[in-house]
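Asks: Okay, here's what each chain looks like letter by letter:
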Amino acid sequence: MNLENRKRELVKEFSPMLEKTSSLSKIWISTLIAIILVGLYAFILQVIKGHEITGMRDNVVWGVYIINFIFFVGISYSGAFIAGILHYFKTPWKNSILRIIEIITVLSLVIGPIFILLCIGRLDRLHYLFIYPRIQSPITWDIIAIITDLVGCFIYLYLTFIPDFAILRDSPDLKVPTWRKKLYKFLAIGYHDSPTQRKILHKITKTMSAMIIAMAIVAYTVLAWIFSLTLQPGWNSSIFAPYFIVAGLYSGVGVIIIAMYLIRKIFKLEKYLRKVHFIGAGVVLLVLSLLFGYFTFSEYFSRWFSHKTKDIDLLKTLFSRYFWEFIFANYIGVLIPIFILFFKRFRNIKSITFAALIAVLGLWLNRYLIVIPTLETPYLPIQDTRPEFIYYTATWVEWSLSLAGIAAFLLLFTLIIKFVPIIPMSGIIENERNPKKNKKRIKKYLTEE
Amino acid sequence: MKSNLLKYTHIASFIIALLFSINGATQENDASNYKMLFNFKTVKQNDNSRLLEVRFIAKNRKNRKDKIPVYDAEIKFFTILNNEKKILGTAKTSKEGIAQITLPKNQKYLIDKEGNIHLTAHFEGTNAIDRREKKITIKDLQLELNLTEIDSVKTVLVKAFTIDSLGVDTPVDNVDLFIAIGGMLSKMKLEEGSITNGEFKYEFPTDIPGDVNGNITVYTIIEDHEQFGNIIQNKTINWGVFNKQITEEKNTLWSDAAPIWMYIVLTILLGGVWINYIYSIINLIKIKKEGEIIELKLEQ
Amino acid sequence: MKNNKPKKGSTDRRKFLKLGLISSLATVAGASLISNLASASEGKEKLSGEKVKLLTPEGKIVEVDATNINKYPEALITPTESRKGIPNRKFVMVIDLAKCKNARKCVESCQKAHKLDYHEEFMKIQLIQDNEQASPYWFPKPCFHCDEPPCVTVCPTGATFKRDDGIVLIDNERCIGCKFCITSCPYSARQFNWGHKAKFDNQSQPYSPETQVPATEGTVMKCDFCPDLLRQGKLPHCAKSCPMGVIYFGDKNEDIVTNGEETVRFSQLINERGGYRHLEHLGTKPNVYYLPAVNRQFPLERGFNVDEDIIERYKDVPYVQDLKKQGKI
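Chains as they are written, first to last, in our numbering: chain A, 1 to 449; chain B, 1 to 300; chain C, 1 to 329.
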């Protein structure tokens with residue numbers, strides 16, 4: 001196959017996504033910006049009036065912000081984990097989803113820590129974390145881990161972008177403004193796909209992917225330790241770190257499936273995002289939902305069975321005040337995906353996406369049920385008359401900032417896939433380059449629907 | 001007739017005005033609702049100087065808990081013998097209602113035949129507050145405190161005697177006292193007892209820690225004796241058995257410096273990761289350099 | 001008749017003049033006395049902003065500014081200095097649950113000294129009933145100043161620290177408000193300043209972690225064992241103001257604790273009365289010991305002689321629910 005021609009074909013195929021902004025996408029972007037502006041207003045109000053306008057009070061001092069932080073960072077780490085592992089698989093179909101996963105990883109790692117900053121009382125003193133750090137504190141570990149992971153994921157993402165930037169730089173058919181062409185040239189750092197360059201690139205991508213896997217596990221473990229290294233009933237559990245990793249993976253795969261579905265539909269990429277992807281992801285989701293259900297069950301079952309006073313108080317809160325949230329998060333959120341994914345005949349693209357959606361919602365609620373009820377049932381009973389000090393109810397400020405965070409995530413995603421094609425072109429060429437090795441796999445890949 | 005009415009109106013209006021002004025001005029603002037408490041005591045202190053103290057407080061007749069100190073009232077202290085009055089000093093009450101003077105140990109008092117000193121504290125009254133006077137009669141008691149080890153037993157020995165007019169020491173009997181040690185915030189009573197034949201002996205407990213150097217201040221105090229007033233004597237001695245804890249926690253989770261292993265693990269982990277990043281970046285630079293060479297070749 | 005009138009008029013005028021003269025003299029005398037007192041106190045000591053009633057010898061009750069017992073700013077301990085404790089001390093508190101009758105004087109005096117609002121309580125009084133059969137008891141709960149404090153471990157900037165004298169303090173100039181310490185304390189001893197309050201703007205007294213006045217928005221605060229009073233050899237406000245002598249405070253090194261009236265040996269008190277620490281199994285090693293509620297001095301009901309909204313706090317305690325059913329409260 002003529003390499004140059006193939007490259008031009010691919011660019012022609014993907015250029016509509018890179019060149020034009022359809023009116024629909026303009027409406028989409030403006031809606032997202034509007035939501036972000038509302039969130040910005042809420043943030044400014046919070047800075048001026050203080051945290052009083054949130055629902056957090058002296059007993060439940062951590063609320064929706066921390067939950068969003070854990071959720072987003074969980075998605076990020078699971079993305080990093082999966083991207084790292086997929087690197088070692090020599091399957092042809094991994095290419096289509098790699099970039100989606102990596103972009104999700106980086107973006108949620110950017111949005112997540114912003115939520116933590118919203119929870120901090122004195123933002124003007126943030127630099128004290130770096131001037132006076134205490135390394136005995138799990139928060140310091142978390143900061144180090146997030147920064148390290150952010151840098152690592154950025155580097156890794158950039159490494160995968162380089163060949164595509166090179167193709168875009170060399171393409172004569174691309175109708176984009178000059179500044180973008182210059183940017184492609186700059187970012188491609190002179191990559192011309194020579195054998196030595198390719199070898200170096202493969203080498204460092206390989207080491208980075210190994211690092212990413214390790215970082216993902218260590219960093220999310222450290223986040224779990226923020227909770228499990230305290231004495232509080234409901235948090236002081238030895239399996240919190242593996243539980244968080246599994247739950248993070250679960251939510252991450254769910255978000256990836258939803259992203260695949262949307263991208264496939266909106267950009268009509270049925271050729272690249274095929275049913276096999278969904279079925280593969282669905283099987284992974286099935287395994288993870290079983291693992292997640294297993295861990296959740298062990299957590300609560302051992303507490304119920306050994307019935308320590310504080311654990312029973314916690315369970316009482318969970319089953320009275322948070323009854324429906326508990327059922328959704330830990331029963332529906334686990335059983336429905338298992339049910340859909342277990343039986344082959346139920347597995348089609350739409351149902352798998354639906355299962356992923358239920359899984360993601362259930363997981364957000366699961367995070368809520370980990371953070372809030374423990375703070376509402378401390379060792380010494382809360383004896384107070386003010387209802388906002390006894391129970392936690394999030395206010396509009398917190399909800400609007402959560403929505404703004406999600407909107408920011410979607411906005412950044414939309415903007416990135418305007419800049420770089422969502423399916424790595426270099427990967428497609430790579431697959432077609434070695435037909436002999438992957439003959440069987442390619443055949444299966446191309447013929448299956 | 002008219003003039004009579006006028007006369008009465010004037011007087012009546014004047015009286016009404018006076019009544020109004022009195023009513024408006026008083027309520028709680030004068031001393032009429034208060035009963036005056038005037039307490040006078042004497043304390044012979046460790047250096048044998050004598051403190052004379054008056055506490056002048058007004059207590060609300062209706063509300064017992066409402067006590068207001070009298071401030072800036074001048075109190076005169078005298079010693080009196082028969083008709084001879086010798087002024088010892090004057091003091092004004094403080095914001096707590098306390099007036100004090102301290103007389104040196106060689107102060108000469110007027111002493112009667114039995115060796116008693118008569119002390120008076122006098123407040124010259126004002127329009128609002130009646131004059132108050134309190135008299136107390138005391139005998140000067142010499143109290144000696146000795147801390148010694150008798151047969152390797154730590155003992156507190158107290159001697160109490162009066163000196164009569166001939167200069168002869170007369171031991172006293174049946175005077176209550178207590179032994180206390182000094183703490184940071186207050187004194188702690190160790191033993192209460194009574195002086196017999198001018199002496200009191202107390203075996204000092206062996207398990208008192210004292211301060212960080214093992215020093216203890218031992219007090220012997222006679223409190224509110226009707227004949228001798230208040231007397232305090234104290235001495236400091238190294239009888240404490242303070243066990244300074246040798247284990248001072250330095251590298252713990254809650255100290256400034258973290259456990260050493262944390263530093264090591266963190267350095268290894270971070271070092272490993274960031275070295276990898278730098279390695280990647282170096283390789284990227286290599287790619288860039290090669291790319292420049294290729295581009296040069298392409299241009300040719 | 002006509003001759004009489006001017007005479008009477010002049011007599012009245014004289015009388016009026018006399019009255020006016022006397023009253024004006026009295027006012028001047030009183031005013032000068034008050035200004036004397038005010039200027040005298042300003043010259044020597046710093047004012048605390050509170051008033052104290054005094055009776056002058058002339059029989060007038062005046063209100064004068066009370067001298068600030070903390071003697072700031074001369075005695076100011078800066079945040080850096082406050083990290084070193086009072087040398088050679090290990091402070092400890094003993095609370096006698098047998099004597100507590102929920103008088104709440106400790107709560108009020110602490111609030112007054114630290115300028116807290118009505119609902120902000122460094123010392124909380126809880127009503128604890130350990131189980132259905134047990135008798136409930138009033139439980140005054142300050143910060144326990146643990147020897148192995150979980151709150152200090154988790155602070156990312158070192159804003160809260162444990163000193164050599166055992167006191168755990170918070171430096172509100174370094175606190176970033178992450179609230180990790182609040183979630184970490186198993187005794188719920190810490191509080192957060194959620195919004196801006198007018199009292200934060202009162203800069204008349206420079207900030208010291210030993211007084212926590214003025215507090216700052218977005219930071220954490222808690223009971224501090226009043227180190228400013230300890231440096232002057234005085235008891236903390238709660239121990240001083242308890243009418244029942246429930247709170248004993250002292251130095252473990254010299255083994256003496258006092259409640260203002262009694263002074264006893266700490267080890268003896270704990271041994272004889274069965275002193276214990278709350279939630280000992282958590283391993284925090286608190287420095288507040290409790291003496292069990294046996295041989296109570298007062299029946300429990302005495303403690304319900306407080307405001308309605310305070311009794312409302314205890315509505316979940318089974319004993320209170322019983323009392324409500326019986327209509328006693």
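Be aware that a few hints might be false.
Per the computed footprint, the stretches of chain A lying under chain B, defined by three or more beta-carbons under 8 Å from a beta-carbon of chain B, are [what the hints assert, rightly or not]: (1) 126-140; (2) 146-158; (3) 182-192; (4) 195-208.
For lysine-lysine, the following BS3-like pairs were computed, each having C-alpha atoms within a straight-line distance of at most 30 Å [what the hints assert, rightly or not]: (5) Lys-92(B) to Lys-285(C); (6) Lys-60(C) to Lys-112(C); (7) Lys-53(C) to Lys-62(B).
Simulated from the structure, these hints should not be mistaken for lab results.
Predicted model, so just to flag it, every value in this text is computed and none were measured.
Each residue gets a CB set at the ideal place from its N, CA and C atoms; glycine is no exception.
Asks: Using C-beta distances, would you say chain B covers the region 146-158 of chain A, given that this needs three or more residues below 8 Å?
Replies: It holds, with 4 qualifying residues against the three required.
Asks: For the region 182-192 of chain A, does the count of residues with a C-beta closer than 8 Å to a C-beta of chain B reach 3?
Replies: holds (count 5)
Asks: What's the verdict on Lys-92(B) and Lys-285(C), does the C-alpha distance respect the 30 Å limit or exceed it?
Replies: violated (51 Å)
Asks: Verify the coverage statement for the region 126-140 of chain A against chain B, using a C-beta to C-beta distance below 8 Å and requiring 3 or more qualifying residues.
Replies: Answer holds; 3 residues pass the 8 Å Cβ test.
Asks: If you draw a straight line from the CA of Lys-53(C) to the CA of Lys-62(B), is it 30 Å or shorter?
Replies: holds (17 Å)
Asks: Do at least three Cβ atoms from the region 195-208 of chain A come closer than 8 Å to Cβ atoms of chain B?
Replies: holds (count 8)
Asks: Checking one constraint from the list: CA of Lys-60(C) to CA of Lys-112(C), max 30 Å. Satisfied?
Replies: holds (27 Å)
The structure fails to meet hint 5 from the earlier list, while all remaining hints are met.
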